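First to last, the sequence lines map onto chains A and B. Start counting the first sequence at 51; every next residue gets the next number (the numbering used here). Start counting the second sequence at 1123; every next residue gets the next number (the numbering used here).
Worth flagging that the hints you see were computed from the coordinates, not collected in a lab. It is possible that some hints are incorrect.
Some chain B residues close to chain A (C-beta under 10 Å, calculated; not the full set) [to be verified]:
(1) Arg1222
(2) Leu1223
(3) Leu1232
(4) Val1236
(5) Asp1242
(6) Gly1248
(7) Gln1254
(8) Asp1259
(9) Pro1260
(10) Ser1263
(11) Pro1266
(12) Met1268
(13) Ala1327
(14) Val1336
Within a straight-line C-alpha distance of at most 30 Å, the following computed DSS-like cross-link-like pairs (lysine-lysine) qualify [what the hints assert, rightly or not]:
(15) B:Lys1286 / B:Lys1247
(16) B:Lys1247 / A:Lys175
(17) A:Lys175 / B:Lys1169
Every beta carbon over 12 Å from chain B, so not counted as near; a handful from chain A, in silico [said to hold, decoys possible]:
(18) Phe75
(19) Pro102
(20) Asp116
(21) Gln132
(22) Leu180
(23) Pro191
(24) Ser242
(25) Ile317
(26) Gly320
(27) Val328
(28) Asp335
All of these numbers come straight from a predicted model, not from anything done at the bench. Backbone N, C-alpha and C fix where the C-beta goes; we use that ideal spot for every residue, glycine too.
Next come the chains, spelled out residue by residue.
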Amino acid sequence: MAAPAIRVGRPVEARASRGLWSDAFRRLLRNRPALVGVLFIALFVVTALIAPLIAPYAPLAGTLADRLQPPNTAHLMGTDLQGRDELSRVMYGARVSLVAGVASVVMGVFIGGLIGALAGGLGGKVDSVLMRVVDVMLAIPGILLAIGIVAWLDRGLPQIMFAVAMVNVPIFARILRGSLLSLRESDYVIASRSLGASGFRVLVRHMLPNSLTPLIVAATLALATAIIDVAGLGFLGLGPPDPRTPEWGTMLTDSTKFLRQAPWLIIFPGLAIVVSAVGFNLLGDGLRESLDPRLKQ
Amino acid sequence: MTASDRDPATGRPVPTTAGGGPAGGTPSGSGNGQGDGAALLRVEDLKVYFPIREGMIIERHVGDVRAVDGISFSMTRGETLGLVGESGCGKSTTGRAIIRLYEPTAGRVLFDGVDITSLDKGGLKGMRRRMQMIFQDPYASLDPRMTAGGIIAEPLDIHDVGAKRDRRMRVRDLLSTVGLNPDYADRYPHEFSGGQRQRIGVARALALEPDMIVADEPISALDVSIQAQIINLLERLQDSLGLTYLFIAHDLSVIRHISDRIAVMYLGRIVELASSRDLNRTPLHPYTVALLSAVPIPDPVVESRRRRIILTGDVPSPVNPPSGCRFHTRCWLRQQLGNPGECETVDPEFRVLGPMHEVACHFAARVDGSTEQLQATGRAPAHAAGAIAGGAEFGDASPPGPPDRPQGVAD
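Just chain A, same shape as in the assembly (with noise of 0.2 Å):
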């Protein structure tokens, strides 16, 4: 009986690897669901950051003569009531959107990680205090909170910026201490400490680096949201006080009473909406993904 002739495959060709992050952005380039959402990022950003070069109008100029016109060459997206150029108010919208939902991730995450921070790594009685508090604000729906405190605040974009960090504060938090948690009694922290690492050590040299990776990925998501909640505000009627001002879900609003005859007023910012939420999603999967060791290959 012959042998399967056996067929040994050229030996992978040993890369030096250079820690986790390299090897997680290696993984990441291969994951084509998360380059979509790049792309879709790179977009959305591109265009908040160039808007003014490239929109063929003035945001806020129009004539009443040019009202409602349906998508045409001189207005890719059509016009709104007041015959704005409806392409050029999205990409206005666009920075908007990315102002608010980058700055409200940011003071989230910093609030949140301070008090996830506080309470995984000292634990004890300011852990529980901290916790119940936290539980407090996880209980009120996110977008009623934050209607609550622009409310309670007065509308306006740094109210709003607040408002959605607030949302995320607490999901920050608990993910931030879960993660500290888990690594209390981890061997590699009762190894430094059997060394004679100070308590604030071992937190910043091992414990905050290791579970700085859960906050990252939720913080991409968080992203997705934060964008959907701004405009969810903006929708709801808390949008910021200058009406003019091109917020993709204030023109939504503006618009839905002429849904019958104007369906591309509503189409093209949802689409603006659902494109850099969709982005920051695949992307935050796609981190998830490349980031988890046990995955790797």
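Dock chain B against the given chain A, drawing on the hints supplied.
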């Protein structure tokens, strides 16, 4: 006493008169001078209880897990003490309490004459320079975000030893000491194999030139082929650096190879403590006999005649340990003796039976020479009970006639 003037002890100091010098270096060195002054570590009635609490806001103390419940032993400089027992018997807790990773509930831990349990933060940090730990799982004990060099240098950073450049040289030295390429210092833990990772763990423990190392199951998570390498490394390091090991394991066959003395733990207590040789040849506690009977003997003739002692039931809960002798619920000897009441009511004290051989069993004398003891140690065939005497290695106890077979098979 500065760290640099440690004794250049090469080779294992003999327990009786060892450690010329450093024993008197600490101020209270003579304060507890009972018996041998060479004891590096003395554990006295150590207890570690973990409280069980109930209730969300108002917590009530409803009980304790008595992980370690009153153990005492001492170790001389340069010695290896093995600590064996089933999982959950408190051996790891003992190791961690000794370097005060857990706060002991009661008892004293004297290291070089200083009571570790009463040290303040600064004193403890200083003491940690002299006691290091090696962990079981080399995949969990190294920070995945740090390079091998960073991990090994961490103790040097914490205790601020040497200048930055010296530390890098020291890391390279340590890497080659444990048999790794010094150029690997820049690699991350996930780039190493299990055995290599454990070598990094050993190098980290050596960085501060400690006197004592608590090795908490350092080879249990490794492949058999790698286990021998790490054991040999540890033995070599002990010879060249004069280290003292507290070696924790659940596997008697490994521990009897490396240990000078062995302590057997059951449910938070030490039940037998003897030299490695004595414990393996004349175990005097029924539990030790049962453990030994599970260790294979590399001789098919002897092995085929042995019977394992299978302990029935689970280890009782350390929350609510059995009354009297803790082992009585599973003891084969107690059954043989017709369940004497003493076992259930009287807690057996730790008695000295023979030179440096201590046992906590009311009927230890009955164990000596029993069929079970002889079989477990592989010294005699099944029938030759009572033939305990004279240094009978199991080699000469087996002129292999067919002692057992006719009864069962030939009829």
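Here is how each hint holds up against the structure:
1. Proximity of Arg1222 of chain B to chain A holds as hinted, the smallest CB-CB distance being about 9 Å (cut-off 10 Å).
2. Using the Cβ-Cβ criterion of 10 Å, the hint placing Leu1223 of chain B at the interface with chain A is satisfied: the shortest such distance is roughly 6 Å.
3. With 10 Å as the threshold, the beta carbon of Leu1232 of chain B stays out of range of chain A, its nearest partner Cβ sitting at about 19 Å, so the hint is violated.
4. At a threshold of 10 Å, the smallest CB-CB gap from Val1236 of chain B to chain A is about 15 Å, leaving the interface hint violated.
5. This hint is violated: Asp1242 of chain B has a C-beta 13 Å from the nearest C-beta of chain A, more than the 10 Å allowed.
6. Because the smallest distance between the Cβ of Gly1248 of chain B and any Cβ of chain A comes to about 8 Å, under 10 Å, the interface hint for this residue holds.
7. At about 7 Å, the closest approach between the beta carbon of Gln1254 of chain B and any beta carbon in chain A falls short of 10 Å, and the interface hint on this residue holds.
8. Interface hint at Asp1259 of chain B: satisfied, since its Cβ lies 6 Å from the closest Cβ of chain A, which is below the 10 Å cut-off.
9. For Pro1260 of chain B, the interface hint holds, the least distance from its beta-carbon to any beta-carbon of chain A being 9 Å, beneath 10 Å.
10. With its C-beta approaching chain A no nearer than about 4 Å, Ser1263 of chain B sits inside the 10 Å limit, and its interface hint holds.
11. Look at Pro1266 of chain B: its Cβ gets to within about 7 Å of chain A, closer than 10 Å, so that hint holds up.
12. This hint holds: Met1268 of chain B has a C-beta 8 Å from the nearest C-beta of chain A, less than the 10 Å allowed.
13. Against a cut-off of 10 Å between C-beta atoms, the interface hint on Ala1327 of chain B holds, since the closest Cβ of chain A lies about 9 Å away.
14. The interface hint given for Val1336 of chain B is met, as the beta carbon of that residue sits about 8 Å from the closest beta carbon of chain A, less than 10 Å.
15. A threshold of 30 Å between alpha carbons decides the hint, and for Lys1286 of chain B with Lys1247 of chain B the separation of about 21 Å falls inside it, so the pair holds.
16. A hinted pair counts as satisfied when its Cα atoms are at most 30 Å apart, and Lys1247 of chain B with Lys175 of chain A qualifies at roughly 26 Å.
17. With a C-alpha separation of about 26 Å, the suggested pairing of Lys175 of chain A with Lys1169 of chain B holds against the 30 Å cut-off.
18. Distance check for Phe75 of chain A against chain B: the nearest CB is about 15 Å away, which clears 12 Å, and the non-interface claim stands.
19. Every CB of chain B is more than 12 Å from the CB of Pro102 of chain A (nearest about 42 Å), matching its label as outside the interface.
20. Look at Asp116 of chain A: its CB is around 58 Å from the nearest CB on chain B, clear of 12 Å, so calling it non-interface holds up.
21. Listed as a non-interface residue, Gln132 of chain A keeps its Cβ farther than 12 Å from every Cβ of chain B; the least gap is roughly 55 Å.
22. Annotated as non-interface, Leu180 of chain A keeps its C-beta farther than 12 Å from every C-beta of chain B; the closest such distance is 15 Å.
23. For Pro191 of chain A, the non-interface assignment is confirmed: its Cβ lies about 25 Å from the closest Cβ of chain B, beyond the 12 Å cut-off.
24. Residue placement check: Ser242 of chain A does not keep its beta carbon more than 12 Å from all beta carbons of chain B (closest about 7 Å).
25. For Ile317 of chain A, the requirement that its beta carbon stay farther than 12 Å from each beta carbon of chain B is met, with the minimum near 46 Å.
26. Every CB of chain B is more than 12 Å from the CB of Gly320 of chain A (nearest about 42 Å), matching its label as outside the interface.
27. Listed as outside the interface, Val328 of chain A is consistent with that label: its C-beta sits roughly 31 Å from the nearest C-beta of chain B, beyond the 12 Å cut-off.
28. No beta-carbon of chain B comes within 12 Å of the beta-carbon of Asp335 of chain A; the shortest separation is about 22 Å.
In summary, the numbered hints that this structure violates are 3, 4, 5 and 24.
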